[in-house]
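From first to last, the protein sequence lines are chains A and B. Its first residue numbered 1, the first sequence is counted upward by one per residue in our numbering. Its first residue numbered 561, the second sequence is counted upward by one per residue in our numbering.
Don't take every hint at face value.
Per the computed footprint, the stretches of chain B lying under chain A, defined by three or more beta-carbons under 8 Å from a beta-carbon of chain A, are [unchecked claim]: (1) 683-693; (2) 759-770; (3) 800-809.
Each computed DMTMM-like pair below joins lysine to aspartate or glutamate, with the alpha-carbon atoms no more than 20 Å apart [stated by the list, open to error]: (4) B:K756 - A:E125; (5) B:K664 - A:D39; (6) B:K921 - A:D51; (7) B:K754 - A:D144; (8) B:K824 - A:D342; (9) B:K756 - A:D144; (10) B:K754 - A:E125; (11) B:K921 - A:D39; (12) B:K829 - A:E337; (13) B:K829 - A:E125; (14) B:K824 - A:E337; (15) B:K693 - A:D39.
It should be emphasised that the hints constitute simulated quantities derived from the structure, not laboratory data. Since this is a predicted model, take the numbers as computed values, not measurements. All C-beta atoms, glycine included, are put in the ideal place defined by N, C-alpha and C.
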Amino acid sequence: MGSWFSTQKVAGYGVAAIAAVLVLYPVYFLLQAAFDVGDPQVRPPTAYGVDNFSSLLQYPQIMLNTLTVSLAATVMALMFGSLMAWILTRTNVPGRRLFEQLMAVPYYLTPLLGALAWSLLGQPESGFINGIWRALGGQGHLIDINTPYGIAWVMALFEGSVAFVMIAALMKSMDPSLEEASQVIGASRIRTIMRITLPLVTPGVLGAAIFVFAEMLGSFAVALVLGLPTRYYVITTAIYQMIQQYPPKIQVAAAMGASLFAVMWAMLYMYRRVVMSGSYVTITGKAFRPRLLDVGRLRYVLLGICLLYLFVAVVLPLATLFFASLQKIATIFPTAENFTLDNFRTAMTMNAVRSALSNSLLLAFGTATIGIVLMGLLAWLIYRSRLPGGGMIEYIVMFPQAVPRLVFAFGLMWAWVVFPIPIYATLWLLLIAYLTVFLPLGVRTIAGVILQIDKSLEECAQMCGASWTFRVRTVTIPLLRPGLVAAWLLLFIASVRELGASILLMGPHSKVITPSIVESWFGTSSELTAALALIQTLVVALAIIVLVAVTRRVSAQPVD
Amino acid sequence: MAELTHGKLTRRRVLKAGTAAIALPFLEIAAPNVLAQGVSKSPTNVLDFMTNADIAKAEQEGQLVFYCHENEAGTAGIMEGFNKDFPKIKTSYVRAQTGALYNKILSERAAGRFDVDVIQLSDIAPAFDFRRKGGYEHYVSPESSAYKKDHLSEPNGYFFWTGVDPAGIAYNSEKVAASDAPKGWKDILDTRWKGKISCKISASGLQFVQWYTLRKIYGDSFWKEFAKLQPRAFDSRVQLFDRLSKGDDMITAIGEYPAYILFKSRGAKVEFVAPPDGLVATPLVVGVVNRAPHPEVSKLFVDWAMSKRGQAWYQSNPNLYYGSVRTDAPAMPTGVKLSDFKLLYPSDWDEYASQSATFLKEWNSMLGL
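Generate coordinates for the entire structure from the input sequences, incorporating the hints supplied.
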């Protein structure tokens, strides 16, 4: 008994210590900057005070804009995510396996590309949709993507896919006999959904809600592309302006970021209250065979919803980008002289982009593989171990989610540039940065599944004399396998599309792809950027197809 | 007006800033290298320019690390031009907007990291600051003789103007008839442009120069009137012209000539107006970084960038198209030379730099930030 307990302790505290170092080390530098009121160009700080925090009161409109867009986008993302997750994991809609894989596409298309595509589609003057509208005799414009709700729509489509992944992972692990029992005793399908399905997925949805809201608070690319034309600034775009200008207002940006810690902690506190107040266990010692809900003819309606979602989130943006990439200056009714293949020719010859793409794939593989072990253990530590301090670890782990990555990157840079081991400006630094900033994503995704596993299964094995490592290997991990596979893919995709932290941490020999595409948008043209984006999408798609084929074999192994 | 010079600037107050005495305390790194540069051998001819660099040693070093404010394509373009002439030297770069880039290099140096060979900045204010902090290596290029004193640091050898980015007014010719187009700077204040005019964000060095110079000419009320038009601000000249060419904006108040050439070549319906008072212009400054890990390559790069060959590359690369201030500079792709334009610079760069906080406050406030 004593030996397994010590193994558990060593593993638990070891992983907690790694997480604490990853997070708290850069957070220390960030807080130091937030309280730095001396010369902004001198490090370490020469004077401390709270002036940076009091100056935040100058930006009430920006705070309001941020809350409006983030809330609207979170609500939309949760609606889309829950609906699509339920349709694709719990009903007998035709082609659900294919749709489920396609649902990841908007996420790895990246918000920048989504924003770029929707900008081409929905600008009041030059937008393709409005061009067609006017050609058909309409007046003015049909849609305006530069409004707060236009921004929220694009954020929900391209940042909010994570809600689907999180909710789908836990719906997959849900025992359908509970829903069947409800129907057997006469409850309607709607009543079953409202009384059985929804309450069971509550912690996962809440976790997803908190996570998605934080993601929206930190969303940058969409607000940058779609908000600036109407001078609609949110926190991240305001921070971006502050750190780009000379002299940069990094201290105020750090204070803005640090004040978001309080918001995140409050939300996490609420989440823990909800989770701890009820039981959400659906995987118990009783065996179940996953079965789908037969929704009758309704499945064709649901199929229509799936097709519509994928059309606006995948087909239309990709087609728009492809159409734009074949033109010198993108327009809905191009002339023959406007046609060109030069954008693809130029994109293919950009050496920096080619090496950046392979670096991105390598880093994504490393981040997902190391991350799944680290974050899996952390999730177990927080929700399953009886080790003291588990709750505190959760608060620490959520730190990086609270701060826009543009700002957190400064903390990471200051922290690792003075670190005695020379990892600064190498791919190792980016790996550490990704493992840090994606801790909340990985832990939250895996936690949603862990919460559904009855502790009695592990306790049963324990009573049978199994050691802690044996129990984790033979009981916990097999039960978690679908969730772990989903989390691995999520981390892989999130790493490939990472932007905010990478911009500042890339070294001369450690470039990654998404910042290169952003740079292209800033510096070349939206047409060349569209070509680059399509190439990136194609390469990442091929990588994911291979990975899915491999992971499907892994997840297809039966759970004993 | 009296304080402005057109096409040429005086630098008397600037010179006060760059004393070695001030440089010494900063990181305690400047002095040995400054002194080491005192002795140099006779320049040699390579390709068609003069250099003090030892080519064999440079090729042995084999690497150039370049920090640059320019966009990805532009930075890669500069590296491509150098690498074409010196294929044995590998090039690598980090790019970011001047504010973030400058903070990055200062943070690295404060932590004792010296990985950068050469830096290019888009604003002269941080270049002065870097000079004061002893961040630049002192290297006098033999190609300096082709430059006016105004376009070199004082004393010569810390940085030089690798190009000039001039801007006038640009408009969409499908949305605005030539007869209705603005003719001078005051015409951009017409209320018919309300909500249909663009400018750049406060991070832009050129925008700072425009704010400073036009305020000097037309008074404080100029930008207050401009603010009433609710202009839309963007990061890059490409974004401004992208929107202009598609008709999302009717005019841009800061139409950079390099972007005009680029978009015109693509067939965009845009036109350029050079106001009679002059084009606002900002220099792009390049210098060797103190304690550069590849000193011979650094010297070679600066000589190449200053040379007629390098300047021709800066002027003709589509992602750069910067005008050259070399006295014997060739014409730009449009057939005009930079010297054909009347240019507006701040006459006193020190006073200009001192207005930075006021500019940031006013500009950000105008944009709702």
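The hints, checked one at a time:
1. 683-693: Contact hint for the segment 683-693 of chain B vs chain A: holds, 4 residues under 8 Å.
2. 759-770: holds (count 4)
3. 800-809: This one holds; 6 residues, not fewer than the three required, reach chain A with a Cβ under 8 Å.
4. B:K756 - A:E125: holds, 11 Å
5. B:K664 - A:D39: holds, 15 Å
6. B:K921 - A:D51: Satisfied, since the Cα-Cα distance of roughly 17 Å is no more than 20 Å.
7. B:K754 - A:D144: Since the Cα atoms of K754 (chain B) and D144 (chain A) sit roughly 18 Å apart, the hinted pair holds (cutoff 20 Å).
8. B:K824 - A:D342: holds, 16 Å
9. B:K756 - A:D144: Satisfied, since the Cα-Cα distance of roughly 15 Å is no more than 20 Å.
10. B:K754 - A:E125: Cα-Cα ~15 Å, so holds.
11. B:K921 - A:D39: OK: K921 (chain B) and D39 (chain A) at ~18 Å, within 20 Å.
12. B:K829 - A:E337: holds, 14 Å
13. B:K829 - A:E125: Judged against 20 Å, a Cα distance of about 15 Å means the pair holds.
14. B:K824 - A:E337: holds, 14 Å
15. B:K693 - A:D39: holds, 13 Å
Going down the numbered hints, you'll see the structure goes against none, and every one checks out.
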